[in-house]
Amino acid sequence: MRTRSWSSKPNGWDALVVLAVIALALGSALAVWGGGGESGEALTAVVIIDGKEADRFSPADLLEGPRTYSNGSYTLEAAYGLRGAESAPLDHEPPSGEAGVRVAWADCPTQDCVRTGLITRSGQSIVCLPGRIIIRLEGGAPDGGIVDAVVG
Amino acid sequence: MRLTTKQLTLCAVLTALALALSYLENLFPLALAIPIPGVKLGLANIVTVFALYALGAFQALMILFARCLLGGMFAGNMNALLFSLLGGAAAMLAMIGLVRLGRCSVYGVSIGGAAAHNCGQIAAAVLTLGSTAPLYYLPVLLAVSLAAGALTGLAAACLFQALDHTNLRIS
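These protein sequences, in sequence, are chains A and B.
In terms of the working numbering, the first sequence opens at residue 4 and continues consecutively.
In terms of the working numbering, the second sequence opens at residue 3 and continues consecutively.
With the rest of the complex left out, here is chain A (with noise of 0.2 Å):
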């Protein structure tokens, strides 16, 4: 078979490409992981529908209970979690951890917010493609980013 030029062995032009990748990676991880440090404001998640805000609140205010957001003929429902709680505390102890946000269900066919799971620290986000919603949580931590909680 004829193909143009090809090699399959690697070489230094390669290492250059990959070294390229991993600069961008790491250049775009500082740009946007960096960026969300402590503000001194509560964490705060902000529900953006269509790119327009839709809702703001404390990650605290779901302990009062689930909220659901829909866009098209998709729905998800924002629910309450804490990072650490999953460890059993001893002598009846309140759970403690990072409280945040996660996807407790979505109808949307990739289920991709739900498997992100719990997000904790500012510029964290879930993103539902094909609802087109996205929760983002901005502001520093509550409480230096460690809160005690009573679940139940």
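Fair warning: there could be bad hints in the mix.
[Unchecked claim] In silico contact screen, one side only, chain B against chain A (beta carbon under 10 Å); selected entries:
hint: 1; residue: 117
hint: 2; residue: 127
hint: 3; residue: 136
hint: 4; residue: 137
hint: 5; residue: 138
hint: 6; residue: 140
hint: 7; residue: 143
hint: 8; residue: 151
hint: 9; residue: 153
Hints listed in this document are in silico derivations from the structure and should not be mistaken for laboratory results.
Cβ atoms here follow ideal geometry from the backbone N, Cα and C, with glycine treated the same way.
Using the hints provided, position chain B relative to the given structure of chain A.
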């Protein structure tokens, strides 16, 4: 550009193969391990890399557009069309540039294409959602593209090696 019947038929077969690989990919949902929208192995890129080397940029581009259009129609989702078009066009531009450079092996070309594909898809997500929130996923997607690009590069290299031992004349 005028295509011979043989070239046109080969383009159609490769388009069908790319669509089949896209479907096959759903059996290995990488998103279960890395829960990020759009994360996948990019098996259809094996066809793009092969077409780029064996048939040239024009025919590879035609196969890519046909795959994106048919894939979007099958999915019944115009959003999916925008994602695959932007991702595919970015990947193709990067790979054409790297092939024309003539220095990289098929691995470098494939990794560069995979990284550009993810950048294109993030751009599509930013345009679709009207928010820069999807940029949050870019570092992870770029890291995944290193492994996914190397894998598709390996598959393409094996394909070239196997075909070099045949008398098959494609172009």
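Close enough to count: is the Cβ of residue 136 of chain B nearer than 10 Å to one in chain A?
holds, 6 Å
Given residue 143 of chain B was flagged as interface, is its beta-carbon under 10 Å from a beta-carbon of chain A?
Residue 143 of chain B check passes; min Cβ-Cβ to chain A is 8 Å, inside 10 Å.
Given residue 117 of chain B was flagged as interface, is its beta-carbon under 10 Å from a beta-carbon of chain A?
For residue 117 of chain B, the interface hint holds, since the closest Cβ of chain A sits about 4 Å away, which is under 10 Å.
Was the hint right that residue 127 of chain B lines chain A, CB cutoff 10 Å?
Holds. Min distance 7 Å.
Residue 137 of chain B was flagged as interface toward chain A. Is the shortest Cβ-Cβ separation under 10 Å?
holds, 5 Å
Answer holds if the nearest beta-carbon of chain A is closer than 10 Å to that of residue 138 of chain B; otherwise answer violated.
Cβ of residue 138 of chain B sits 5 Å from chain A, so the hint holds.
Interface hint status, residue 153 of chain B versus chain A (Cβ within 10 Å)
Since the shortest Cβ distance to chain A is 13 Å, the answer is violated.
Would you check whether residue 151 of chain B satisfies its interface hint, that is, whether its CB is within less than 10 Å of any CB in chain A?
holds, 8 Å
Can we keep the residue 140 of chain B interface hint, with Cβ of chain A closer than 10 Å?
holds, 5 Å
Going through the hint list in order, the structure does not satisfy hint 9, though it satisfies all others.
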